[in-house]
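Q: The primary structure of each chain is shown beneath.
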Amino acid sequence: MESLNETLWDVVISGTGLKHSLLALALSRSNKKILHVDQNEYYGDAEAAFSLQEVDEWVERVNAVSPSNFRNASLWKTTTSNESDKLSFSRAYTLTLSPQIIYTRSKLLSQLVSSKVYRQLEFQAVGNWWILGEHSLNRLPNGREDIFRDKSIDNRAKRGLMKFLKFVVDYENQNELWQPQADSGLAGFLSSHFQLPPNLQNVICALTLSLDAPESTKVSWSLPRIARHLTSIGVFGPGFGAVVPKWGGGAEISQVACRAGAVGGGIYVLGIGVKESNTSSEEAGNITHVHLSNEDVVKTRHLIQYPAARSTDAKAVSKVIAIVSSSLTTLFKNSVEGSPLAAVSVIVLPVSTVIVEEASQATPIYIMAHSNETGECPAGQCVLYATMLYSEHSKQLLDAALDVFLARVEDTPELLYKLYYEQEPEEENEAQTESLDPSLDLAFNDAILEDVESLWKTVIGDEAEQARFMRFEDREGMSADDDELDEGY
Amino acid sequence: MADSTAPKPSSSVKLVLLGEAASSLVLRFVNNDFQENKEPTIGAAFLTQKCNLPTRTIKFEIWDTAGQERFASLAPMYYRNAQSALVVYDLTKPTSLIKAKHWVAELQRQASPGIVIALVGNKLDLTNETSSSNPLGEDGDGEAAEGEDADGDARKISTAEAKSYAEEEGLLFFETSAKLGTNVTEVFTAIANAIPETSLKGARGPGASQAAARTEDQSRVNLTGPRDAASKEGCAC
Numbered sequence: 001m002e003s004l005n006e007t008l009w010d011v012v013i014s015g016t017g018l019k020h021s022l023l024a025l026a027l028s029r030s031n032k033k034i035l036h037v038d039q040n041e042y043y044g045d046a047e048a049a050f051s052l053q054e055v056d057e058w059v060e061r062v063n064a065v066s067p068s069n070f071r072n073a074s075l076w077k078t079t080t081s082n083e084s085d086k087l088s089f090s091r092a093y094t095l096t097l098s099p100q101i102i103y104t105r106s107k108l109l110s111q112l113v114s115s116k117v118y119r120q121l122e123f124q125a126v127g128n129w130w131i132l133g134e135h136s137l138n139r140l141p142n143g144r145e146d147i148f149r150d151k152s153i154d155n156r157a158k159r160g161l162m163k164f165l166k167f168v169v170d171y172e173n174q175n176e177l178w179q180p181q182a183d184s185g186l187a188g189f190l191s192s193h194f195q196l197p198p199n200l201q202n203v204i205c206a207l208t209l210s211l212d213a214p215e216s217t218k219v220s221w222s223l224p225r226i227a228r229h230l231t232s233i234g235v236f237g238p239g240f241g242a243v244v245p246k247w248g249g250g251a252e253i254s255q256v257a258c259r260a261g262a263v264g265g266g267i268y269v270l271g272i273g274v275k276e277s278n279t280s281s282e283e284a285g286n287i288t289h290v291h292l293s294n295e296d297v298v299k300t301r302h303l304i305q306y307p308a309a310r311s312t313d314a315k316a317v318s319k320v321i322a323i324v325s326s327s328l329t330t331l332f333k334n335s336v337e338g339s340p341l342a343a344v345s346v347i348v349l350p351v352s353t354v355i356v357e358e359a360s361q362a363t364p365i366y367i368m369a370h371s372n373e374t375g376e377c378p379a380g381q382c383v384l385y386a387t388m389l390y391s392e393h394s395k396q397l398l399d400a401a402l403d404v405f406l407a408r409v410e411d412t413p414e415l416l417y418k419l420y421y422e423q424e425p426e427e428e429n430e431a432q433t434e435s436l437d438p439s440l441d442l443a444f445n446d447a448i449l450e451d452v453e454s455l456w457k458t459v460i461g462d463e464a465e466q467a468r469f470m471r472f473e474d475r476e477g478m479s480a481d482d483d484e485l486d487e488g489y
Numbered sequence: 001m002a003d004s005t006a007p008k009p010s011s012s013v014k015l016v017l018l019g020e021a022a023s024s025l026v027l028r029f030v031n032n033d034f035q036e037n038k039e040p041t042i043g044a045a046f047l048t049q050k051c052n053l054p055t056r057t058i059k060f061e062i063w064d065t066a067g068q069e070r071f072a073s074l075a076p077m078y079y080r081n082a083q084s085a086l087v088v089y090d091l092t093k094p095t096s097l098i099k100a101k102h103w104v105a106e107l108q109r110q111a112s113p114g115i116v117i118a119l120v121g122n123k124l125d126l127t128n129e130t131s132s133s134n135p136l137g138e139d140g141d142g143e144a145a146e147g148e149d150a151d152g153d154a155r156k157i158s159t160a161e162a163k164s165y166a167e168e169e170g171l172l173f174f175e176t177s178a179k180l181g182t183n184v185t186e187v188f189t190a191i192a193n194a195i196p197e198t199s200l201k202g203a204r205g206p207g208a209s210q211a212a213a214r215t216e217d218q219s220r221v222n223l224t225g226p227r228d229a230a231s232k233e234g235c236a237c
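Residue numbers (the UniProt record's numbering), protein chains in the order written: chain A, 1 to 489; chain B, 1 to 237.
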C-alpha cells in the first residue's frame with residue numbers, strides 16, 4: 001500500500017456519511033490535498049446501504065462494543081419453504097440506513113445540480129401518501145380538488161381545511177395569527193383556529209413527518225414544514241413533492257459525492273479510522289498529527305471528524321427495515337395524470353392506530369414503502385422502512401404496525417425479512433428539547449447543508465470569498481468532439 | 001452530427017476501467033494521445049467516445065476509477081449499470097495478471113450479470129512482436145518463441161496463459177500498445193459488438209425502438225427539466 005504519511009494534507013476527513021461526503025464534494029475543485037478515510041469497509045457511514053450479507057455483518061458490529069450511534073440491532077428471516085415467498089440472493093438487495101425523502105425545494109437538489117453530480121444519480125418520485133385508518137388505508141388528498149371530492153370529510157371540516165391550507169402557504173406574512181401559539185401543540189392550534197377534527201389534525205401533522213404526537217409537535221416547527229410539503233408539489237412534475245435517489249437514497253449520494261472528491265484528486269481509503277489526534281502549535285500553521293488505525297501518523301492542517309461524545313438521553317428512534325413478498329402495486333399507482341410512476345410511498349399510522357399488550361402507541365409511526373423500481377429489491381417484492389420515536393415498547397409497536405399495514409393491502413403479502421435497530425442522534429444538541437436531530441429527520445434536513453458550508457469555509461479559509469459553494473462547471477466533455485480540450489496537449 | 005444524417009440507432013454504454021494504466025489505453029482511444037507514466041485521470045468524471053458499427057452507434061461513457069482502486073475503495077455505484085468493463089494488465093509485469101484476475105472476480109461479484117468484460121494485456125511495444133499485424137492468438141506467441149532478438153523482449157506474461165484464462169472466464173482478450181496505438185480501436189469495437197442488443201437502453205435517434213424504454217424510465221424524475229436532457233442528447237454527437 002502506498003504511504004500516506006509523506007504528504008502534508010490540507011484536510012483529513014474521517015467518515016463518509018452524507019455530511020462528510022458532501023463536504024468532500026464541496027472541496028472537490030479546491031485543489032486542496034484531501035485524505036478521506038472511513039473506519040468501515042464501505043461508504044456511507046450512518047447513511048450506508050447494504051446487501052443482505054453486509055447487513056449480517058453490520059448487525060454483529062452494532063451489537064459489539066464498537067462506538068456508533070446505532071444499537072440493539074436484531075434480524076429475523078423467513079423460514080418458509082414456499083418458493084414464491086423466498087428471499088433472493090444477498091446482492092439482489094440494497095437496504096439503506098438512509099431512506100429519507102428529499103423535498104423538491106430542498107437546497108440539496110439545487111446543489112447536486114449546480115455541482116453537476118446529479119448526472120450520476122437517478123431520482124424517483126415519492127408519490128402517494130396514505131393514512132392508515134381504523135378499517136382501511138386512505139390516500140391523503142392531493143390538493144384542493146381532491147379535498148372537495150373527498151366524501152369522508154364533512155363540509156364544516158372542509159371549510160376549515162381550505163382556510164388552513166390557504167393560511168399555511170402564506171404563514172410568514174400572518175405572524176399575528178400563529179405567533180402567540182408558536183410554542184403550543186399543533187393539534188390544539190388546528191382545533192381552536194380552524195375547527196379541524198382530530199382525524200384531520202392527524203393528516204396535517206403527518207405532512208410534517210413529526211415523530212411526536214400532534215399535541216406535542218410545536219406550531220412554529222410545523223408550519224414551515226407543512227408549507228414546504230405543499231409548495232414542493234409540482235416543482236419537477238405533477239403529483240409529487242419529494243424524490244429519493246435510486247439504489248439506496250442517501251447512501252448513493254454519499255458514494256457519488258466521494259467519487260467527485262476522488263475525481264478532484266482526493267485520496268480515498270476505506271477500512272481505516274482516526275484513533276487520536278493532537279495539534280502542535282510549535283510547528284508553523286497549527287499542524288495536526290492524526291493517528292490512523294493502521295498505525296500511520298499523517299499530518300494535516302485540518303481534521304474533520306464526527307464529535308466523539310454523544311448524549312445518551314437525547315431522542316432516539318426505533319427503525320425496522322422489512323422485505324415483503326408483494327410489489328404492492330396499488331400503493332404506487334399514479335393518482336395524478338402525467339406524474340411519474342411513484343417508487344416511494346409514505347404510509348402514516350397516527351397515534352393509537354396500533355396497540356400492543358403493554359402499551360398503546362403514543363407517537364405516530366411512518367412507513368416508507370420502496371418499490372422494486374428503487375433497485376433495492378427484486379421484482380415482486382417491496383422494502384418497507386418503518387420509523388417511530390424510541391420507547392420501551394417501540395419494537396413491539398413497529399411489529400404490530402407492519403402486521404396491521406400488511407393486513408390492509410392487496411394479496412396479503414408475507415414478511416420475508418425484518419431488521420430492527422435503534423438510532424441515536426449524531427450531534428450533541430443542546431437545544432434538543434424541541435426539534436429532532438437532522439440525522440434522524442425523515443425528510444432530508446437542509447440544516448445539514450449549513451454544516452457542510454461552514455466546514456467548507458473552515459477548510460477553504462480566505463479563499464471562501466471567491467470560490468462559490470457547490471457551483472462547478474461540468475467536467476465531462478473530454479471527448480474527441482471537444483476541440484478546445486485537445487489544445488492542451 | 002451523426003444523429004442528423006444517419007438513421008442508425010445510437011445508445012449509451014457505460015464502460016468501467018480497472019487495472020494498470022487503463023487510463024492510457026482510453027486516452028489513446030478517445031484523444032489518440034499517449035502520455036508516459038499516466039497517473040489515474042484526475043479531473044475527468046468520465047470520458048465519452050463514439051464507436052460506429054454497421055448497424056448502430058455505441059456511445060461509450062468511460063468511467064475511470066479516479067484512483068479509488070488504489071486503497072480498494074471503489075464504491076458499488078462505480079459498477080452500477082456498467083454494461084462493459086476493460087480490465088488491463090501490464091504484460092511486462094509478472095504480478096499484473098494476478099491483479100487483473102482479482103478485478104475480474106470483483107466484477108463478477110459486483111457488476112450486472114450480463115456485463116461484457118475485455119481483458120487487455122498492454123505494453124505490447126515492449127515486446128518484439130509489435131511489427132506483427134495480428135499479435136493475437138497462437139501466431140503471436142509462436143513468433144515470440146522463435147524470435148531471433150529475444151533479448152529485447154520484456155514480456156513476462158505469455159499470450160497463451162492470459163488467453164486461456166480469458167477463455168475460461170468468457171472474456172474478450174486483446175494485447176495492445178497504448179503507446180503505439182496497436183489494437184486499441186479493435187478492443188473497443190469488439191466490446192461494442194459484444195454488447196447484446198437487448199441490454200441497450202436509452203436508445204436515442206430515429207431508429208431507436210420504443211421497447212427499449214423500460215419501466216424504470218417511467219419513474220425517473222428530471223431535476224433540470226426536459227430542455228436540458230434534450231440539449232445534452234442533441235449536441236456532441
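No lab work stands behind these hints: they were computed from the structure.
Here the structure is a predicted model, which is why all the values come from computation and not from measurement.
Any given hint could turn out to be false.
What the hints assert, rightly or not - What the simulated footprint calls covered on chain A by chain B, stretch by stretch (three residues with Cβ under 8 Å from a Cβ of chain B suffice, anywhere in the stretch; the number is not a length): (1) 107-119; (2) 254-261; (3) 264-271; (4) 338-344.
Claimed, not checked - List of simulated lysine-lysine pairs, DSS-like, C-alpha gap at most 25 Å: (5) 116(A) with 457(A); (6) 50(B) with 116(A); (7) 457(A) with 77(A); (8) 116(A) with 14(B); (9) 151(A) with 166(A); (10) 59(B) with 14(B); (11) 93(B) with 59(B); (12) 116(A) with 156(B); (13) 156(B) with 14(B).
Note that the Cβ used here is the ideal one computed from N, Cα and C, for glycine as well.
Q: Now look at each hint and say whether the structure bears it out.
A: Evaluated hints:
Using a Cβ-Cβ cut-off of 8 Å, 6 residues of the stretch 107-119 of chain A lie near chain B, which meets the minimum of three, so the contact claim holds. Note: the stretch 254-261 of chain A has 5 residues with beta-carbon separation from chain B under 8 Å; the three-residue rule is met and the coverage holds. Only residues whose beta carbon comes within less than 8 Å of a beta carbon in chain B count, and the stretch 264-271 of chain A has 7; three or more means the coverage holds. Remark: the stretch 338-344 of chain A is confirmed as covered by chain B, as 4 of its residues place a Cβ nearer than 8 Å to a Cβ of that chain, reaching the required three.
The hinted pair formed by residue 116(A) and residue 457(A) meets the criterion: a straight-line CA distance of about 20 Å does not exceed 25 Å. With a C-alpha separation of about 22 Å, the suggested pairing of residue 50(B) with residue 116(A) holds against the 25 Å cut-off. Between residue 457(A) and residue 77(A), the direct Cα distance comes to roughly 47 Å. Violation of the 25 Å bound is thereby established for this hinted pair. Restraint check for residue 116(A) and residue 14(B): satisfied, since their Cα atoms lie roughly 18 Å apart, inside the 25 Å limit.
Only pairs whose Cα atoms come within 25 Å are accepted, and residue 151(A) paired with residue 166(A) is accepted, the gap being roughly 21 Å. At most 25 Å may separate the alpha-carbon atoms for a hinted pair to count; residue 59(B) and residue 14(B) meet this at roughly 9 Å. A hinted pair counts as satisfied when its Cα atoms are at most 25 Å apart, and residue 93(B) with residue 59(B) does not qualify at roughly 32 Å. Annotation: proposed proximity of residue 116(A) to residue 156(B) is violated, straight-line Cα distance about 43 Å (limit 25 Å).
A C-alpha spacing of about 31 Å is found between residue 156(B) and residue 14(B), which places the hinted pair above 25 Å, so the restraint is violated.
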